[in-house]
Amino acid sequence: MACGVLTPRGQPAGHGGPVFPEAGVIHVPGCPLLARPVPAGFPSPATDYIETRLSLDKHLIEHEDATFFVRVQGNSMVGFGIHDGDLLVVDRSRDPGDRSVVIAVVDGQFMVKQACRVPEGVLLRSSGPGHGDILVGPEQELAVWGVVRWAIHPVS
Amino acid sequence: MPIALIDGNNFYVSCERVFNPKLEGRPVVVLSNNDGCAVARSNEVKALGVKMGTPWFQMKDLARQHGIIALSSNYALYADMSNRMMSVLSQYSPDQEIYSIDECFLGLDGFENYDLVIHAQAMRSQVRQWVGIPVCVGIAETKTLSKLANHCAKKSLAGADGVCDLTRLSETERSRLLATIEVGDVWGIGPRLSRQLADHGIHSVEALRRADPKTIRREFSVVVERTVLELNAIPCLSIENVSPAKQQIMSSRSFGNYVYDLAPLKEAVATYVALAAEKLRAQGSVAGMVQVYIRTNPHREDAPQYSKGLTIPLPDPSNDTLYLTRAALWGLRRIYRPGFAYQKAGIVLMNLSDTTNQQASLFCTHRENDRLMEVIDRANAIWGRGTLRSAATGVSKSWVMKREKMSPQYTTHWEQLPIAI
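Listed in order, the protein sequences are those of chains A and B.
Position in the first sequence counted from 1, then plus 80, gives you the working numbering.
Position in the second sequence counted from 1, then plus 20, gives you the working numbering.
Read the hints as simulated data drawn from the structure, not as lab findings.
Because the structure is a prediction, the values reported are computed rather than measured.
Beta carbons are placed, not taken as given, at the ideal position from N, Cα and C, and that holds for glycine.
Be a bit skeptical, because a hint or two may be false.
[What the hints assert, rightly or not] Here are some, though not all, of the chain B residues that point toward chain A, as calculated from beta-carbon distances under 7 Å:
| no. | residue |
| --- | --- |
| 1 | P41 |
| 2 | S107 |
| 3 | W150 |
| 4 | M421 |
| 5 | I441 |
Please put together the full structure from these sequences, using the hints given.
Put into structure tokens, the structure is as follows:
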């Protein structure tokens with residue numbers, strides 16, 4: 081489009097008005113863009129203080145590429161505040177420490193457990209009624225899939 | 021400058037294994053659209069002699085014998101895992117060219133003082149830990165050689181632990197290694213070219229490397245000459261950080277079941293146009309022609325065969341889904357013949373040009389729906405593809421492809437997350 085040619089682009093045919101408030105803005109390349117009337121009242125004293133609104137994604141996710149969500153089934157970890165149906169934020173980039181709550185792979189099944197170093201190997205601790213601990217001896221391979229960073233559940 | 025080519029091992033299978041550890045160590049194939057043929061094979065399946073592209077029905081006996089697990093393609097999952105892998109790898113160099121869903125080139129200019137093998141091992145272990153995908157790394161002076169180095173890394177021909185750095189080899193070691201690799205394993209040398217090269221006595225990569233570039237150019241093409249130069253560590257292909265805009269955009273699928281009537285064909289064609297037009301707008305292009313084609317199943321020799329395509333030039337280049345759909349359906353009505361069992365339909369958007377450099381025609385026959393298209397694209401980005409679509413794409417969609425063995429979309433749907441007990 082050459083400069084100076086006014087073309088109202090894309091007004092939906094047969095429409096009463098624009099779909100979005102900005103629709104109907106005509107941009108002529110090379111000319112300053114004045115989209116709406118300039119407010120001439122008292123300038124907002126807050127403009128110098130505007131900050132980005134808080135993002136829960138940024139708060140909960142440290143490494144985007146390594147973070148996965150996992151759903152909890154059952155109450156084997158209620159003692160840790162992890163309930164049936166909770167959403168777990170799992171970070172695979174972190175190395176598990178002693179007593180980290182992790183997603184472990186036991187017999188091809190994902191389990192959320194606390195991994196504790198014990199002299200006999202690693203103890204996968206549960207903390208729910210009727211759920212025993214699992215000892216992974218040195219001859220077995222313990223696969224830690226990721227470290228659980230957050231458990232999210234609705235409150236009301 | 022050294023170039024690394026990083027490639028995910030059996031990528032689709034590896035993606036499935038991340039979320040289903042029970043598949044570890046077992047023979048797994050991933051099947052193409054409509055559960056047709058093998059598009060990814062685990063090492064266990066490769067060891068059974070199953071070739072890429074083997075139709076599923078041909079390996080059913082073998083599958084029963086060896087307990088091969090077949091899965092439908094879960095493209096939403098593979099695309100997300102690919103994005104994660106590429107993003108992790110992008111930390112290792114400012115020059116990255118994403119070459120396909122499972123491989124990328126990294127330019128390692130300025131890394132000469134690093135130990136490149138250690139650098140490559142760091143990439144491998146980070147992708148493995150963060151994303152869960154095993155990768156191999158090939159390093160060499162040119163793109164063609166780095167592809168070859170990657171092949172060597174996969175087969176453990178030179179160097180161990182999934183990394184092969186050809187720049188470390190002496191000239192004699194290099195000659196000896198390349199003499200053991202068939203010329204068909206070179207990037208861009210397909211089966212037909214391999215046969216032609218064999219007729220000229222060129223069987224190994226080493227023989228091609230020693231061939232005279234001028235003769236190769238005369239006997240074959242400038243492309244093969246470039247390959248010879250690249251094999252001699254003379255770079256002819258640079259790292260393309262920005263993928264060039266596509267020259268044409270295709271969208272086609274085989275149907276889940278045979279389609280006989282015009283109505284479902286129209287729905288399918290309208291759906292393919294919508295998909296292609298969305299890509300067209302995303303790259304900022306307009307199309308000058310639309311091609312539409314339909315065909316029966318060529319492998320069913322007992323059934324009557326029909327295959328027909330029609331290219332429709334547009335009076336005004338456009339990226340308006342509704343306009344392109346009208347053109348494609350106009351063409352479809354002209355090529356459709358009743359009485360055939362249609363297996364596939366497709367469309368191609370051609371003569372693409374930039375949205376910004378448009379020559380307006382004197383007799384403009386339609387009005388662009390730019391704002392409407394923008395609203396459609398934005399809504400579909402938020403609420404999922406097909407949320408806002410033209411009614412021509414249909415409601416029942418009896419023709420959609422079969423994906424009966426598809427795993428959950430673990431990373432893109434809240435209701436399909438992996439479960440931990």
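Ascending list of hint numbers which this structure does not respect: 4
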